[in-house]
Amino acid sequence: MDYVDPKNSLNMPEMADMTFAMDFLIRVKEGVRNTAIALTETVSPDARTLLRTQLHQGIAFHQEITDLMVRKKWFHPYDLQKQYQLDQLSANKTVDISKMKLFPDDTTRKGMFDRTPDEHMGGNQA
Amino acid sequence: MISQQSALAAHESLEIHEALNFKTLCLAKSKLMQGLVFDQELKDLMEKDVQQSIQAIADLQALYVKAPFQAPVPEFRPTPILS
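First to last, the protein sequences are chains F and V.
All residue numbers for the first sequence refer to my numbering, where the first residue is 21 and numbers rise by one.
All residue numbers for the second sequence refer to my numbering, where the first residue is 149 and numbers rise by one.
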């Protein structure tokens, strides 16, 4: 598979967006679960109030993302056969992409920054 | 007892520690991914997440101050970053 072949960039934007949306959905979902668990571990009124607010916010956000993904046909919670096909296709495509050489061997990018991270403490102390 | 009322318990502090780090990572990811996304609606939703996360982090930080292991925060990382 060659990444410069134009046939591989067909539908690429939509497939990329589907992946980003799925990541977004999973992150928000994990946030809701984590917050709910944290809430059951806290007693301080301040902590409980804040976590409850953030839990409600997370739940509302989860719904928003789910609705968007269903509307864009990136997610099929009511048509599991469609979802199955999508799951398999995304997995296969992503495995194919990950077998390509996309990045240079050396990614340190040394010399591209005009100052060292430790400059504030006198430079070569590190 | 009186001074402990406003302090967080150790296990609660660790929950806030995890929540804060999770939110920080999600914020970084939503901000970065906005530059890669093609769909405008998805991008707008990520921007909404960025704005909500900034507020959520500020709230968590205000609570984290009450952790028993709270310490003054230096302007820079206290340990040198080795290359």
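It should be emphasised that the hints constitute simulated quantities derived from the structure, not laboratory data.
The model shown is predicted, which means the values in this text are computed figures rather than measured ones.
Note that the Cβ used here is the ideal one computed from N, Cα and C, for glycine as well.
It is possible that some hints are incorrect.
[Stated by the list, open to error] Straight-line Cα separation of at most 20 Å, SDA-like style, residue types lysine to any residue; simulated pairs:
#1 K191(V) with Q105(F)
#2 K93(F) with H159(V)
#3 K179(V) with Q105(F)
#4 K92(F) with Q105(F)
#5 K177(V) with N54(F)
#6 K92(F) with A176(V)
#7 K214(V) with D107(F)
#8 K196(V) with R47(F)
#9 K214(V) with T39(F)
#10 K191(V) with M32(F)
#11 K113(F) with V52(F)
#12 K196(V) with M42(F)
#13 K49(F) with K214(V)
#14 K179(V) with K113(F)
#15 K191(V) with K214(V)
[What the hints assert, rightly or not] Every beta carbon over 12 Å from chain V, so not counted as near; a handful from chain F, in silico:
#16 F40
#17 W94
#18 K113
#19 K119
inquiry  = Of all the hints numbered above, which does this structure not satisfy? Sort the numbers upward.
reply    = The structure breaks hints 1, 2, 3, 6, 7, 9, 11, 13, 14, 15, 16 and 17; every other hint is satisfied.
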